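Chemist: Listed below, chain by chain, are the residues.
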Amino acid sequence: MRNPIQHPDQADAIKEALGRLDSPARRRFLTGSLTLGGLSLLTGCDLTDSKGVETALERISRFNDKAQAWLFDPNRLAPTYPESMIARPFPFNAFYSEDRVPRVDGDSFRLEVGGLVADRHAWTLAELHALPQTDQVTRHICVEGWSAIGKWGGVPFSLFLKRIGADLSARYIGFKCSDDYYTSIDMPTALHPQTLLTLTYDGQTLPARYGFPMKLRMPTKLGYKNPKHIQALFVTNTYPGGYWEDQGYNWFGGS
Amino acid sequence: MTEMTTASRIPIHPLWLRLTHWLNALAVLVMVASGWRIYNASPLFDFRFANDITLGGWLAGALQWHFAAMWLLAANGLLYLLFNALSGRLWRKFLPLSPRSVYADLKAALRGRLSHADPRRYNAVQRAAYLFAMLDILLLVLSGLVLWKSVQFPLLRELLGGYETARYIHFFAMLALVGFTAVHLAMAMLVPRTFLTMIRGH
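From first to last, the protein sequence lines stand for chains B and C. Per this note's numbering, residue 5 is the first one in the first sequence, and the count goes up by one each step. Per this note's numbering, residue 1441 is the first one in the second sequence, and the count goes up by one each step.
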């Protein structure tokens, strides 16, 4: 099998196929585990009771969300790197192949803002570019294990949230994307100094394959928590879930 | 003779040791089998583990098992070390240990001349192997922490050479633990009484 960093499209194809497995197929892991020889004997549990095992694992995953929120230090910065360490080309990664990347028209684009915010007006790209900008070279870590260093630039997200009068005591920020992806993050991570509403990649306008017109970049979270092609964001106290999270990936997904 | 009877009533392996041993075995089994599935999502080398011998069914399932069993591995491992240190067993059973004694006992073992007459005493090869297993699991936990939370544990991350190096350390420490387990199981089958004492205590 080839390296997903060199052949991210293949990794995506696999990822997509895995994501599409229906739940009876996914539960094959329970029968599969019986071939591990005596695991069920050791535990004394009936591993064929798939519902019970799945529920228990889900519950522990929720506990792990809390453990990660507790471990998360709002002032601790992810390491930054010299530009010479940037991965070229930076791997494309999504739940679809590169030829299906959405093409968003920048001129007519409006970022919708909703939920617990004071100012709900939709933002043009020009308005977003007029806000203070910063950039950083950080490591993107994928849930699969591989990592790659890239350079993202844009508006510090905490600044944007304050600008729209977001309720900073709310629990979640949810994102809806034009590729039908959706995810959500916790408020402390949203306010982290390295969390960027990204408009550029490596000094250029964010290319379509990396999430034009914008991506939320968080070096403190795994790749799948960083939404691309953001269409709308909303501040809420109701758990919004996520595309991968609803299928079993850990919600907090911190690094 | 009274002394002998009293001594034989004290189990070779106390109950806490047997419990932590088998819980550790379970935790390692789940960690390794789910870890192989996670490895398959982005292999470090030009091979994958057969999915049939992995746990989790797909990446998210494997991650759920891995990040559930890690609590068992860590909590049980801490209890094991705590009991071992507080009871003095750690020093009594595993020390003294010298490279010379390991070499001598290894040579004797390979010639089939190593006696297992006193099951209360570990020979030098056993001492070295079990201490190695403890340190290797510790390395697995530390490198695992770097992979799980590389931003939140900066000192640990730098000590282990960064995120990418920690992946290799985690992999090779797993390989070493699997190697240890294979030899450990083979020895337990060669000397079945050691297996029974780990269940019954005597």
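Hints are computed from structural coordinates only; laboratory data are not their basis. Heads up, a few of these hints could be off.
Unchecked claim - BS3-like mimics (lysine-lysine), calculated; alpha carbons at most 25 Å apart, straight line:
(1) B:K55 x B:K70
(2) B:K155 x C:K1533
(3) B:K166 x B:K180
(4) C:K1547 x C:K1533
(5) B:K70 x C:K1589
Quick caveat, the model's predicted, so the values are computed rather than measured.
Chemist: Evaluate each hint against the coordinates.
Modeler: Checked hints:
{"no.": "1", "hint": "B:K55 x B:K70", "result": "23 Å, holds"}
{"no.": "2", "hint": "B:K155 x C:K1533", "result": "54 Å, violated"}
{"no.": "3", "hint": "B:K166 x B:K180", "result": "20 Å, holds"}
{"no.": "4", "hint": "C:K1547 x C:K1533", "result": "21 Å, holds"}
{"no.": "5", "hint": "B:K70 x C:K1589", "result": "14 Å, holds"}
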